[in-house]
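Student: Sequence:
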Amino acid sequence: MELYKKLNNIMGWAMFLIAGIVYTLTLEPTASFWDCGEFISSAYKLEVGHPPGNPIFMLTGRFFANFASDPSQVAWCINFMSAMFSAATILLLFWTITALARKIVIKGDNYSLTNTIAIMGAGAVGALAYTFSDTFWFSAVEGEVYAYSSFCTALVVWLILKWENHADEPHANRYIILIAYIIGISIAVHLLNLLCIPAIVLIYYYKKWKEPSAKGSIIALLVSFALIFFILYGLVPGFIKVAGWAELLFVNVFGAPYNTGVIAYFFLVIASICWGLYETFTQKNLNRLKLSFIVSLIMVGLPFVSESILLSLLIVAALIVVTFASKKVNIRLLNTVLTCIMVIFIGYSSYAIILLRSTANTPMDQNSPEDVFALSSYLNREQYGERPLLYGYTYTSDIVRDANGNPEVKEGKAIWKRTIKKNENEPDKYVVTDHKKDYTYQPELNMLFPRMYSNQSHHVEAYKEWSKDGNKTNKVRVKTNSGIRYVEKPTFAENIRFFLSYQVNYMYWRYFMWNFAGRQNDIQGHGELHKGNWITGFSFIDKHIEGENLPSDLMNNKGRNVYYMLPLLLGLIGLFYQAFSGQKGIESFWVTFFLFFMTGLAIVIYLNQTPYQPRERDYAYAGSFYAFAIWIGMGVLGIYSIIKKYLLKDRDNSIVALATAILCLFVPVQMAAQNWDDHDRSGRYAARDFGKNYLSCVEENGIIFTNGDNDTFPLWYVQETEGYRTDVRVCNLSYLQTDWYIDQMKSQAYESTPLPIEMDRSRYGNGKLSYAYVLDRGYGYDMELDKAMNYLISEDKDNKYIPEYGISIDHIPNSNLYIDVDSAAVADKIPADLKGYATDRIDIELANNDALMLNQLSVLSMLNSIAKDNWERPIYYAVTVGPDMYLNLDKHFVKVGLAYRILPVLNNDTESDGLVDTETMYDNMMNKFEWGGVDNPNVYLDETVRKMTYTMRMLFIDLAEALIMEDKYDMALNVLDKMMEKIPASATKHDYLSIQPAMAYYSLGETEKGKALLTEIADNSMEYMSWFRTLEYNKLRSISQEYLRQEYTLKTIIQFFIQQGDEESAEKYLYALSDLGYNLFKES
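For the sequence shown, the tail end lands on 1269 under the working numbering, and the numbers increase by one without skipping.
These aren't lab readings, by the way, just hints derived from the structure by calculation. One should not assume that every hint holds.
Below, computed lysine to aspartate or glutamate pairings styled on DMTMM-like, alpha-carbon distance capped at 25 Å [claimed, not checked]: (1) K347 x E187; (2) K1236 x E1208; (3) K1076 x D1013; (4) K953 x E936; (5) K1020 x E1151; (6) K743 x D220; (7) K1014 x D862; (8) K931 x D613; (9) K598 x D613; (10) K985 x D1007; (11) K1076 x E1151; (12) K606 x E593; (13) K1220 x D619; (14) K649 x E731; (15) K191 x E396; (16) K1174 x D862; (17) K1020 x D945.
The calculated label-pair distances, taken between Cβ atoms and stated as ranges, are [said to hold, decoys possible]: (18) E713 x I584: 44 to 52 Å; (19) Y964 x S534: 39 to 47 Å; (20) D1054 x S534: 44 to 52 Å; (21) Y1233 x K985: 14 to 22 Å; (22) N591 x I455: 28 to 36 Å; (23) F761 x K400: 44 to 52 Å; (24) G1246 x T911: 31 to 39 Å; (25) G1246 x D1075: 45 to 53 Å; (26) A502 x A456: 46 to 54 Å.
Heads up, the beta-carbon is just placed ideally off N, CA and C, and yes, glycines get one too.
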């Protein structure tokens, strides 16, 4: 026993050390793309990130940030925090596997050397397999919440196993209370931890009941689901809900300042819990004890699981009846329940940091949750909307409308916001600005378990493809306000096919197989043959997935990892071994299974994801893969048990046990060898440097509009964390649709002056100006933008009234707006090479816009103000912002790098790629831009980074072509050479886009460089054409776009060679194409 304990501790810490070293060596040294830059910034300066916030992550990250020698090291320190939490997860996984294995292997006190070796081997193999698994390793080396969340999951599972060993001791409940505290903390990291509760409850049930049964297990699971329900829908939102009632009482009724009610309620909750604990400790009066228990549960908001007052009252009534009707009261249980609620409340109370830091108006203050009502919306993630889960609408559903065509709306809960004060002497007060609206959908088109619900056109097409509807019709008779009509409704069978083929198979099992069978590459796919599928490493299997003779760029993709299904097979052996190892084995199996299911398929059901997700979502299922790693560890015992039974005739043999463990260790070794190159992020600074590059394009005190995560968060990171170019204002257009963000943009931030949005909060606040219609009121002439904006923001009711419709609405009365330009005053703003494009008028054509959203109105307001100031303040769009946000201003764009500057110039050439300020752009790209290691072939670049490098290559091409047009040939050649140096094929392969720079090389007399580049592109295309030849017709059709792209590339290159008189090169590819069959689609 003593030897076992020592080895268990030593081996566990050895796993921690191995994982810690691996993750530290492969750590990304700065921020990554996606949410990491935002998380690091929010931790470093305790700023408010996106809903629902992560205050415990913020505090812990702030602690680790203290060890940074300068701001540029903060990201590394927070990434290192993820590495250490991940290494600790591996430590706890090892101890979890050995604890579960010990229950099966050790009979009585038979801690023999053989049993000990077998158990240690199982723990090591399972822990190391998870260490080197694709999904977990990815999260371990970046500053995100998922590593921390995985640690919390591992910790509570390990703690319940510790409790199991001490369950019969007097103070065993301390483990239960500690688990509750970790759950409370984990709520402030990520809600995924709640999904461990079924496994925890099962362990509790199997330990406390002498003869557990299937019926008892089902009841235990139902209890665990009830616990999740009351924590997720009762305690978490209920506390905020009751706090809101208290706030209204104190502020609106008693006239107290904002947040007084919240503070008072907070102390009342503490008092009620303390009272309940006192009564359960002293046990002086049973009725008072029961009353204190009920009051405590009500005060923390546990019964308030919905907006229905009746349901809440019924729950309170049931609680009172059950508590007071019970003759036998388990006082120890009541004390434990109250203590658990108290410690959960302590962990959850960390959200006060969000409230406090938002009140401090930090530069990053998303959703501005300064009061309890804003915090409620923030925690409930209301900005992301809702989706049907068990019953609801489909993509063909329409809203029920009345006889006038107005939608039927059920008013939900009131939306309370702070009143907009006209002067500072007005008292604090909350007002109802709106109600949550629930639209009624035509019931004939609703269905159970709706999986296909989005009516966006690209989603609808994908639903039909994944459900294989075969264009079948299922006409449903629907009664509408305009009469009876027949609507095509997806069948329930199609619904289930989509659920199984896309949501389960593609968005879960594919990720599962990535981790335990093999991964095709790191290219995000949406069902294509050659993007992001799972593979095995066995050609006789893989050829049915991806064909044969793959192009070299796909074969050499660093994300191509093969494990020959060894982790999967070992896990399946472990699964069956655990399930068929007697009573202890089957109990452990169900615990592991429900951990696997709840953190995997249950999430799939809950998320109800639509097709075309913006990124891969495997990180959401890390807990499920953690559970499977337990089975991988059990696989070692399974193999040893087979050897012991059939070869050793049930005799123990330490050498065989050790040999089995060593043999199985080759599984995680294979995973490590395959995954290292695409998980080693050392030396990669791309997100940081590209963030700096965006800001480098902006002149002092400029404004740059962004729109997505990856053109916003890296910029925030370098500003908020590293203090780079804090004079520039980054304005995210998707956020600019909200009043809270406009408020922030109108405030000073570091050296950046407020944005010149000429609208008072009384005009746009509390949802007053979400949009404005664009109407031609028959003026017969264009309207100056300044007059149009004054008309819009005026409080004059006559400006809203539309006589022909008899309604009052916010609107712009003309679709043709313009800005007069003082040419002399702005002459120095226009680049010398673009003087000929100067204009004295900017036209803003809105005829194609039925309405403008608040963000577009805000842009127009800024543009109007800047124009009146003679364009003194520079204003830009990031090149990654979509044209739908341009407001038809692109005729006045001047490209300067990663941004378009809006200037009083006019480009009427619709065939051109726009105007380029070659001098500024040359300086930016050749002298100012940093490259983050993308030019180093030894640095791993994932698809997100490669997409950014692709954008950079396009900018080089645009600049070179513009320089050639200006007869600046030497500068153009320098640009092309810089492109080849900084964005080599190792960063992003040369494809049809690189034909342009190759042709430019020819035009500059650098024929050899141009031909080498064209040959490289053509050879790659030929590899694709050879691969296409091996595919079946149906598979080829599925990647028709790729085929057409490669065919077009070859045709273009052949024609160019012919034009250049290079018949030999042209014939080389023509003959090769004729050997393959020039158009494969003509063959069936």
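Student: A separate judgement is required for each hint: does it hold in the structure or not?
Tutor: Okay, the hints, checked on the actual structure:
no.	hint	verdict
1	K347 x E187	17 Å, holds
2	K1236 x E1208	15 Å, holds
3	K1076 x D1013	20 Å, holds
4	K953 x E936	31 Å, violated
5	K1020 x E1151	13 Å, holds
6	K743 x D220	23 Å, holds
7	K1014 x D862	48 Å, violated
8	K931 x D613	22 Å, holds
9	K598 x D613	22 Å, holds
10	K985 x D1007	32 Å, violated
11	K1076 x E1151	20 Å, holds
12	K606 x E593	33 Å, violated
13	K1220 x D619	52 Å, violated
14	K649 x E731	23 Å, holds
15	K191 x E396	33 Å, violated
16	K1174 x D862	18 Å, holds
17	K1020 x D945	37 Å, violated
18	E713 x I584: 44 to 52 Å	35 Å, violated
19	Y964 x S534: 39 to 47 Å	58 Å, violated
20	D1054 x S534: 44 to 52 Å	47 Å, holds
21	Y1233 x K985: 14 to 22 Å	53 Å, violated
22	N591 x I455: 28 to 36 Å	48 Å, violated
23	F761 x K400: 44 to 52 Å	25 Å, violated
24	G1246 x T911: 31 to 39 Å	56 Å, violated
25	G1246 x D1075: 45 to 53 Å	39 Å, violated
26	A502 x A456: 46 to 54 Å	24 Å, violated
When each numbered hint is compared with the structure, violations occur for hints 4, 7, 10, 12, 13, 15, 17, 18, 19, 21, 22, 23, 24, 25, 26.
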